Amino acid sequence: AQSVTQPDIHITVSEGASLELRCNYSYGATPYLFWYVQSPGQGLQLLLKYFSGDTLVQGIKGFEAEFKRSQSSFNLRKPSVHWSDAAEYFCAVGVMDGGSQGNLIFGKGTKLSVKP
Amino acid sequence: SAVISQKPSRDICQRGTSLTIQCQVDSQVTMMFWYRQQPGQSLTLIATANQGSEATYESGFVIDKFPISRPNLTFSTLTVSNMSPEDSSIYLCSVSGQGKETQYFGPGTRLLVL
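Taken in sequence, the protein lines are chains A and B. Residue numbers for the first sequence follow my numbering, so the first one is 1 and each next one is one higher. Residue numbers for the second sequence follow my numbering, so the first one is 1 and each next one is one higher.
These aren't lab readings, by the way, just hints derived from the structure by calculation. Computed from a predicted structure; not experimentally measured. Don't take each hint at face value.
With beta-carbon atoms standing in for the labels, derived distance ranges [stated by the list, open to error]:
| # | chain 1 | residue 1 | chain 2 | residue 2 | range |
| --- | --- | --- | --- | --- | --- |
| 1 | A | 71 | B | 13 | 44 to 50 angstroms |
| 2 | B | 75 | A | 83 | 24 to 30 angstroms |
| 3 | A | 9 | B | 72 | 39 to 45 angstroms |
| 4 | B | 72 | A | 14 | 48 to 54 angstroms |
Where is the CB? At the ideal position from N, CA and C, for every residue including glycine.
Let the hints inform the model, and build the full structure from the sequences given.
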């Protein structure tokens, strides 16, 4: 069965430091992968997505993610974190076959805190 | 990306009552989805709202508890029926276009059941 694991529940980084949020997935076919961000009291905003092609994808707000098939990973990175990046980040895999086509399977999320 | 609105944005309800949540999109979309996000948890798909046919429910969710309507390509409703405190959650709708791959989310409806 498809699944997404985000091993870090909560991460704290200093403003200006680099960031990497981990995501591992389990999916039998080529995955469609997504990162979403949820600010407090808000809905989910799409940061970036990977379908095929270049394994390093660029997103909004200076984020990027790298798809590594051999490691079943899709880690999110940002070279310099801003205080406004404090939020919860969700990795998701898209189910593109069978009866649940179009369904997104989400990880449990990583809460990011930013220290001044 | 589509602009998605939800009504109400939040509500406090008494147990045993029902609440209908509306999701409106500013353009026609192929697929609409309803998710639940319980406190401190990730998102779980409730159902896919199909235009012109019955909704498709995920395991653990039933039509009697979460009836869904999809009267056209820009609108859907989710009703949370006979509510209990365990239904306190954020309910989010999302949409995808013909490509189906990418989903865009509404702002969510924050529901507290007392």
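Verification of the hints:
1. A:71 / B:13: 44 to 50 angstroms: holds (45 angstroms)
2. B:75 / A:83: 24 to 30 angstroms: violated (38 angstroms)
3. A:9 / B:72: 39 to 45 angstroms: At 41 angstroms between Cβs, range holds.
4. B:72 / A:14: 48 to 54 angstroms: Given a distance of about 49 angstroms, which is inside 48 to 54 angstroms, the answer is holds.
The structure shown violates just one earlier hint, number 2.
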